Amino acid sequence: MRLKTIAVAAAFLISGGLASTALADYPEKRIDMIVGFAAGGGTDVMARTIAPYLEKYLGNDVSVVVKNMPGASGQIGVTAVAEADPDGYTLGTYNLPGAMARTLDRHADYNADSFTYLANIVNDPNVIVTPKNSDIDSMDKLVKAAKARAGAVTVAMSSLGGDDHFFLQKLSDVTDADYTVVPFSGSAPARSALMGGHVTMGIINVSEVVAFRDELNVLGIASEKRSPMAEDIPTFKEQGFDLVNGALRGFVAPAGLPDDVESKLLAAFQKTYDDPDFQKAMQRSGNPTELALGEQFKELNAEQLELAKRIWETHPWK
Amino acid sequence: MYGNLIDALPAVLSLGNLAAVVIGVIAGICVGALPGLSATMAISVLIPFTFGMDPLVALGMMAGIYNGAMYGGSIPAVLLRIPGTPAAVATSFDGYPMAQQGRGGYALQVAVVSSAIGGIVSALVLMLLAPPLAKVTLLFGPTEIFWVAVFGMSAIVFLLGGDVLKGLISAAFGVFVSLVGADTITGAERYTFGHLELLDGINIVVLLVGLYALPPAIGLLEEVRDFDTQNTGRLNTTSIWKAMPGMLRYWKTWVRSSVIGVFVGILPGAGGSMAAFLSYNEARRASRNPEEWGKGEPEGVAASETSNNADTAAALIPALTLGIPGTAVAAVMLGGLLIHGLQPGPMLFRDNPGIVFGFMWQFLFAAVLLIFLGGALATNSFAQVLRLPRPLLGAIIIALVFIGVYSINGRLFDVYLMLGFGLIGYFMDKLKFPLPPVVLGLILGGFAEQNLRLALRIGGGDWSILAASPTAKILIAMILLVVLAPLFSRWLRARKTSRAAA
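If you're matching them up, the sequences are chains H and X in order.
Heads up: the first sequence begins at 1 in the working numbering, then just goes up one per residue.
Heads up: the second sequence begins at 1 in the working numbering, then just goes up one per residue.
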């Protein structure tokens, strides 16, 4: 009797197992999401915010597990994604322009063709800030000060070869002036040095300025349209400077993903992005969202690579 | 603002939130006491789990772990001369000699009471003075921070020990290790040999564990025939409540070290270990019998432990108000706040007073709890560890160290690196090279270099920028005072004796 029950149960399980492989394909096991930074950083928070929504929209009770592989400003994580099996069970976060800039200024075991570009979710435009008590409270005054003497304006920023550095290069081209770069290895120390009046101006991202509006002058934002996070900051375009730049954060998979897997993932990212709860969660963690899906993201990546190449060739930073 | 402080109290006192602090303190003491595991690591492991938790529960655990670990690190530092955390290095200077004299129990009691006092002062400062102190932080640009690092380096002088040349070689080795990795200004790779794992530099825990934990652990293994564990296992403790009144004579050290700890805490980038070194140095300088220090002076333990706990909550002042963490632990905690949608900045205090002020209360409770949990329970149970047969103890420490170092970044590379440092540490130990200058060199070397270069960039290459601000001038004067005062007093004394002879 007991044996029979077990046999029946086993048969049931086997048939059930077969049925499920036949019926439901991707995803049928856990998906790893590799984050190239430590737990608690901006990119990590984005990955952990999106994970439950992807689980929901991919269906099949799949679990999306965030794995932190910190080091070399994200390069270790991105390399791991590039080298993973293209089966849809390894995804990773992807930061621009950093991921592409590293293929120029360092030895990297990946290039632009190593990835299937899924979705860019965050676009955090650059802003120019000056200390509250500074005389320089408009773009015109800034340009005047910068032109008065080459290198007279000291610029606090996070690091060389990042979005803020590329923005400065664009600013330098557009205003035809030379600035002194002061890279602080992080936006927060750069912002504090600025608030303490130790540097003339700073380049950070709009998400990093919203909590400090009373302490800083914001001269402009490098986006096409004004940011919903700070409607009162005028764009540089409005002020007659053709400056659009920012930090991008998105998700990629290894190159060569099967078409059906790719389309399922793209659909899940689209649905996630359209979910008002997801938008609310991103807003709460201070992430300005802007979707670039699939091909669009790939083009965005190519643009960023072009920009990085141009700057690397004309003004190599190391 | 102080009204918000009171409003936040009821939520903190709820059972769940209070339990979180208690669990955090216990976990923190354990993590701190195990060589190789640090508070930074424990909190970063905890962070992903807190994603779905109530913010105050998550933050309470973090506050508990931070405070607990800062004391916990002193347990192996005293009993085995293996600092459990980088900040406990200075605790071992006098704590270990005390243990050898059979006063290990008293050393731990001094450590726990001092830790609690430092933690309480720090929490009160965070609660009452955070916004004004944030303005002090802003005074410290690259120039000023460079001078603070130089001030810290002046502490190396006493860490050099008997042989000045060996001491300087040790310090230079520490500074060399700080150079490894991508240069923070241009990103140029230094001594990385193409290894991505080395780009971010060498984690202090990897070096510390290699130098400090491996050689004594190997030492324990060498004593295979030593089965006499009866004597060493005795700590000779009286009840902590009876021991406390006797400690009141350390009050001057408590005050001085708390101030130093808080000050180092609000400086961006400096950490608990620098606070402990500085305050040990200052306490020793102020002492009437400096020659007894390093041979088992309880006041040395008090100085180091007070200030490394006084650094904890204070480090959150720049972290919460400006987003710049004062220590590695505060940096990880910021991540914990971010996960709960709490963005650092002046708005944080306005938008989420319940959570921010609740978090501060939790720091205070964690510090008070240290006396009960650390003093009454943990100290005695950890001391039992010493009763283990020596080879077994050595093997356990080595196993723990492997796990701890592996889990920092989840890679074996760090373990190999640690083994390399272990080898260096083993020979340094045998050849009598002092270890503390290495740690100080690693902490302050890179710190000084980066800030000096930033300062010079700001000044357009003009060295006069280094003395331009009033804050910088004050710091330079302090450094001169510290360096020249002993020389001057020696000269005075020499003159006096020569006159007496004449």
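Where hints are given, some of them may not hold.
[To be verified] Between beta-carbon pairs, the in silico distance windows are:
# : chain 1 : residue 1 : chain 2 : residue 2 : range
1 : H       : ALA84     : X       : LEU165    : 24 to 30 Å
2 : X       : ALA395    : H       : GLU290    : 37 to 43 Å
3 : X       : PHE49     : H       : THR314    : 24 to 30 Å
4 : X       : VAL483    : H       : THR314    : 26 to 32 Å
5 : H       : GLU28     : X       : PHE402    : 32 to 38 Å
6 : H       : LYS309    : X       : ASP54     : 47 to 53 Å
7 : X       : LYS430    : H       : GLY256    : 53 to 59 Å
8 : H       : ASP274    : X       : LEU139    : 45 to 51 Å
[What the hints assert, rightly or not] Derived BS3-like pairs (lysine-lysine); straight-line CA-CA distance at most 30 Å:
#  : chain 1 : residue 1 : chain 2 : residue 2
9  : H       : LYS170    : H       : LYS298
10 : H       : LYS132    : X       : LYS166
11 : H       : LYS318    : H       : LYS225
12 : H       : LYS132    : X       : LYS430
13 : X       : LYS166    : H       : LYS141
14 : H       : LYS309    : H       : LYS280
15 : H       : LYS309    : H       : LYS237
16 : H       : LYS225    : H       : LYS237
17 : X       : LYS496    : X       : LYS135
Hints listed in this document are in silico derivations from the structure and should not be mistaken for laboratory results.
From a predicted model like this one, the values you see are computed outputs, not experimental measurements.
Quick reminder that beta carbons are idealized off the backbone N, C-alpha and C, glycines included.
Discussion item. Please check whether LYS430 (chain X) and GLY256 (chain H) have a Cβ separation lying inside 53 to 59 Å.
Written reply: 55 Å, holds
Discussion item. Assuming the hint says 37 to 43 Å, is it satisfied by the Cβ distance from ALA395 (chain X) to GLU290 (chain H) or not?
Written reply: For GLU290 (chain H) against ALA395 (chain X), whose Cβ atoms are near 55 Å apart, the range 37 to 43 Å is violated.
Item to complete: For the pair supplied as a hint, LYS170 (chain H) and LYS298 (chain H), confirm whether the alpha-carbon distance does not exceed 30 Å.
Response: 22 Å, holds
Worksheet item: Quick one, are LYS132 (chain H) and LYS430 (chain X) close enough, alpha carbons at most 30 Å?
Response: Violated, at roughly 57 Å.
Worksheet item: Within 47 to 53 Å or not, the Cβ separation of LYS309 (chain H) and ASP54 (chain X)?
Response: 48 Å, holds
Fill in: Assessment of proposed distance window 32 to 38 Å (beta carbons of GLU28 (chain H), PHE402 (chain X))
Given range 32 to 38 Å: holds, Cβ gap about 36 Å.
Worksheet item: Is it true that the CA of LYS132 (chain H) sits at most 30 Å from the CA of LYS166 (chain X)?
Response: Not OK: LYS132 (chain H) and LYS166 (chain X) at ~50 Å, beyond 30 Å, violated.
Worksheet entry | 30 Å Cα cutoff - pair LYS309 (chain H), LYS280 (chain H) | 36 Å, violated
Fill in: ASP274 (chain H) paired with LEU139 (chain X), Cβ distance criterion 45 to 51 Å
With Cβ atoms ~48 Å apart, the hint holds.
Fill in: Satisfaction of the hinted span 24 to 30 Å by the C-beta atoms belonging to PHE49 (chain X) and THR314 (chain H)
Check failed, 47 Å falls outside 24 to 30 Å.
Practice prompt. Please work out if LYS496 (chain X) and LYS135 (chain X) have their alpha carbons no farther apart than 30 Å.
Written response: Violated, because 46 Å separates the two Cα atoms, which is more than 30 Å.
Worksheet item: For the pair VAL483 (chain X) and THR314 (chain H), does the Cβ-Cβ distance stay inside 26 to 32 Å?
Response: 47 Å, violated
Hint compliance for this structure: hints 1, 2, 3, 4, 10, 11, 12, 13, 14, 17 are broken, all remaining hints hold.
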